[in-house]
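Student: Residues per chain, in single letters:
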Amino acid sequence: MSTVHERPHDIALAASGTKPPLTQRPGLLSQHLGTALVGAIIGYAIGHWLGNTISSHYPYIANSGQNAIADTLGLMLGVVGWLLGIGALNYPLAKLVGRQPSSEVEIQGWSKYFRYSTNHKTVGLQYVVGVLLFMFTGGLLAMAIRTELLSPTTHVFSPDTYIKIVSEHGTVMMMMATSIVVGPLGNYLVPLMIGSRRMAFPRIEAFSFWIFVAGYMVIFSAMPFGGFPTGWTGYAPLQTQAGPGMVSYLFGFAVIGLGMMAAGFNIAVTIINYRAPGMTWSRVPIFVWSILATAALLTLATPTLFAAGVFGLLDRTVQTAFYVTEHGGSSYLWENLFWFFGHPEVYIMALPGFGIAGEILPVFTRKPLFAYKVGAAGMIGVSLLSFFVWQHHLFQSGINPDMRPLFMLTTELISIPTGFIYLVGMGTMYKAKIRFDLPMLFVMALYFNFLIGGVTGVFLSDVPVNVTVHGGFFVLSHFHYTIMGGLLFAFMAGLYYWLPKMTGRMMNRRIGLWHFWTMFIFFNLTFFPMFIIGLLGQPRRVFTYAKNLQGLNDFSSISAFVLGFSFLIFFFNLVWSLYINPVKAPDNPWDSLGLEWQTATPVPAHNFDRIPVVLADPYHYSEVNAPAVADLGPSSPPDEPSLSGAPV
Amino acid sequence: MKTIQDQGYTSTPEEAEFELRAHIGSIWSGGRLFIGMYTFLLASLVFAYFYLRSANNGLLWRPDHITAPTHYGWAVFLATVATGIMAVTGQRRLRGGALIDWQVAGWTALTTSVIALILQIWELSSLPFYPGSSGYASTFIGFSVFNIMTLVITSFWLETALARSHRLGRERGRNALLSTDADAQSWRANVSAMTYFVGFAALSGAFLFAMFYQL
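Protein sequence lines, in the order shown, are assigned to chains G and L.
The numbering used here numbers the first residue of the first sequence as 1 and each following residue consecutively.
The numbering used here numbers the first residue of the second sequence as 1 and each following residue consecutively.
Think of the hints as simulated: they come from the structure by calculation, not from any bench.
There's no promise every hint is true.
What the hints assert, rightly or not - Simulated restraints on C-beta separations:
hint : chain 1 : residue 1 : chain 2 : residue 2 : range
1    : G       : M403      : L       : I100      : 51 to 59 Å
2    : L       : G96       : G       : V97       : 26 to 34 Å
3    : G       : L238      : L       : A182      : 17 to 25 Å
4    : G       : L89       : L       : L20       : 47 to 55 Å
5    : L       : F50       : G       : P237      : 18 to 26 Å
Just so you know, even glycine gets a beta-carbon here, dropped at the ideal spot from N, CA and C.
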């Protein structure tokens with residue numbers, strides 16, 4: 001492989017005759033991240049001033065020392081200013097006044113990543129950086145947590161600060177995790193995998209990213225407001241008693257919820273409508289199936305989160321009593337609404353991981369994907385069943401005891417389609433001559449970790465066990481095994497696998513191996529002891545613990561520091577492979593049959609010169625007389641559907 | 001500077017036809033998916049209503065069967081239903097080729113929608129209860145917020161569809177909107193999706209009206 005010094009896709013395009021609007025020309029006066037920040041600051045200041053003006057004389061505000069109306073209006077207009085500044089509102093405003101909205105200008109060069117781009121590949125890479133930033137900040141907070149837990153008696157933080165760090169860590173990580181695959185890989189790869197030149201609604205796609213960033217900043221704005229003490233679940237009545245940081249939590253959730261709905265909506269519509277001719281449902285790549293199932297959950301479950309956030313904000317601003325039991329509301333209402341979103345969210349995080357694994361396994365085993373249709377059906381089954389299990393989160397808090405067996409049963413039922421998906425992976429690896437490249441190593445680690453997370457999940461679905469270990473480190477370890485051990489390892493597998501296509505550079509294998517082994521070993525050394533710590537009775541979200549648990553906690557903390565270091569290795573590898581010692585990636589470095597690998601690297605602006613005609617699913621590895629996956633040429637082959645749908 | 005649509009991008013007639021069909025299909029399925037999404041949003045409110053009603057914590061679900069001003073409720077309800085009926089009627093006339101009829105129905109629907117929006121906001125200033133005085137009062141405020149949101153979306157969608165019809169009519173002649181031209185097909189698909197949403201808003205508005213004013 002040769003070293004390259006220029007990036008062909010960064011070569012600026014020649015200027016056309018007509019000038020774009022001033023806001024879209026390159027330069028400081030155009031719309032970009034800087035103007036978005038200015039807009040957000042101005043919007044926040046106006047909103048806060050307005051809120052104070054209209055409400056500061058209300059007795060309940062004048063005497064409270066905090067003004068939730070001003071805080072909420074500030075955040076609301078701050079987000080509007082952010083969207084105005086980045087250019088997200090140009091199109092709807094132009095439509096409102098009856099003008100022909102101008103097409104977004106795709107500025108070339110690095111500055112396009114700081115703008116409102118309607119190119120799905122740019123948005124995908126923006127998401128890569130966005131979720132890595134989320135993960136990095138959330139990870140720093142995790143390091144703070146483990147530092148505090150080094151000793152039960154010597155403290156770094158006060159209990160108040162500790163719970164706020166835990167809450168911020170949980171919220172940031174969960175919000176990041178909902179978008180970690182759909183955002184970067186879904187947006188970048190789905191059009192390529194289904195043979196499309198574009199997304200169905202590119203502006204909605206760009207909106208989903210920039211509102212996601214706004215949500216990140218809103219959630220972090222809780223810190224200067226004093227944070228929130230509720231953990232990521234925001235339970236009432238603590239929610240209603242908390243300080244002004246809670247407004248950031250509720251509003252941040254609503255804002256990120258908007259982004260999740262937008263992302264899911266756009267991707268689902270794209271998959272339904274923009275599949276290339278011949279791309280029947282039985283030929284759709286398994287990753288696309290997983291993204292479709294996830295998009296359905298994002299689209300249908302997230303509105304509940306949005307509504308729950310709005311109700312919470314109304315409680316804090318106009319003094320409704322949705323979650324105030326003493327005034328005719330109910331704190332359990334929040335729990336129900338939150339978990340009606342929250343449990344499907346677990347599968348929003350799990351399914352794309354299995355989609356990545358299903359895509360990578362056949363390539364590195366050189367075998368067809370085992371039981372492809374069972375895998376796709378399993379994903380749809382999981383997404384449907386996930387709407388019927390939320391009450392298991394309420395086993396300990398107010399559910400009618402007679403309802404427990406029902407939700408125990410539905411929770412255990414969901415392990416069946418999950419098991420299908422798992423068996424697809426096992427069946428593909430069975431008797432295979434595996435190539436142990438980096439993506440494959442991460443996928444195998446995913447299966448190892450998820451087995452532990454999944455089996456402990458079955459235990460937790462049983463009411464007796466749930467009653468025993470609820471609220472302790474056992475649960476904490478379980479969901480870290482499924483989310484971090486499952487999704488994050490899958491995301492890393494996906495990055496090592498697809499970054500050569502996305503960036504045109506190969507990731508360094510040696511550094512990658514260091515990253516993998518440190519991450520895999522120290523992930524398990526960090527979280528496995530937490531099962532024992534939990535069974536020995538250590539509760540979550542408490543900054544002190546029994547003295548006899550210090551050894552295990554210290555072991556876990558030190559492992560966590562090395563685990564954190566493994567991410568620095570990854571970041572170093574990124575910088576090394578992309579900038580310091582770039583090695584040009586071939587078009588198809590893994591010899592994959594996937595449609596996304598059949599186009600050039602870097603991917604052309606419109607993905608395919610001609611819309612491909614798909615002839616077979618992309619999993620016919622090592623088959624004698626395997627059919628061609630697609631015809632990428634200008635003419636359609638005989639007996640296959642043409643672009644107009646009629647046989648040629 | 002080239003737009004994203006111009007970057008070395010050429011389509012054969014068959015590809016252009018394929019992409020147009022995908023675009024129209026996206027508007028169709030996107031419109032329906034949006035209704036599904038909105039249904040879950042409103043279902044959250046309905047769940048909150050019945051959850052708090054059945055819990056009746058502290059016997060504070062609805063002390064003295066207090067109700068929001070019914071004359072406002074009826075006015076908003078009737079205006080919302082009128083919006084739906086006008087949008088659906090206009091869409092039927094448009095299918096029959098009567099563009100002017102659609103525009104008249106559209107402007108009427110927009111007017112009733114804006115009236116409903118103003119009344120829904122105005123009602124908040126004359127409520128006979130404090131927002132946190134009961135479960136009913138709280139969910140009513142939630143209903144008002146969601147209804148305002150629905151009416152804003154309805155009005156925006158109606159207005160932009162109307163504005164686009166006038167612009168396209170001005171630029172290409174009225175009959176162009178009824179042609180097989182790509183822009184015209186896209187506009188008609190948008191009108192169809194909008195009509196479904198406005199109809200859905202009228203139906204859901206009627207359901208919520210019954211919940212909050214009649215039950």
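Student: For the pair M403 of chain G and I100 of chain L, does the Cβ-Cβ distance stay inside 51 to 59 Å?
Tutor: 58 Å, holds
Student: Hint says 17 to 25 Å; check whether the CB-CB distance for L238 of chain G and A182 of chain L agrees.
Tutor: 55 Å, violated
Student: A range of 47 to 55 Å was offered for this pair. Does it hold for the Cβ distance of L89 of chain G and L20 of chain L?
Tutor: 27 Å, violated
Student: Could you say whether the range 26 to 34 Å given as a hint is met by the Cβ separation of G96 of chain L and V97 of chain G?
Tutor: Holds, since G96 of chain L and V97 of chain G (Cβ atoms, about 30 Å apart) stay within the stated range.
Student: Do F50 of chain L and P237 of chain G keep their Cβ atoms within the hinted range of 18 to 26 Å?
Tutor: Hint holds: Cβ distance 21 Å, inside 18 to 26 Å.
Hint check: violations occur at hints 3, 4; the rest are consistent with the structure.
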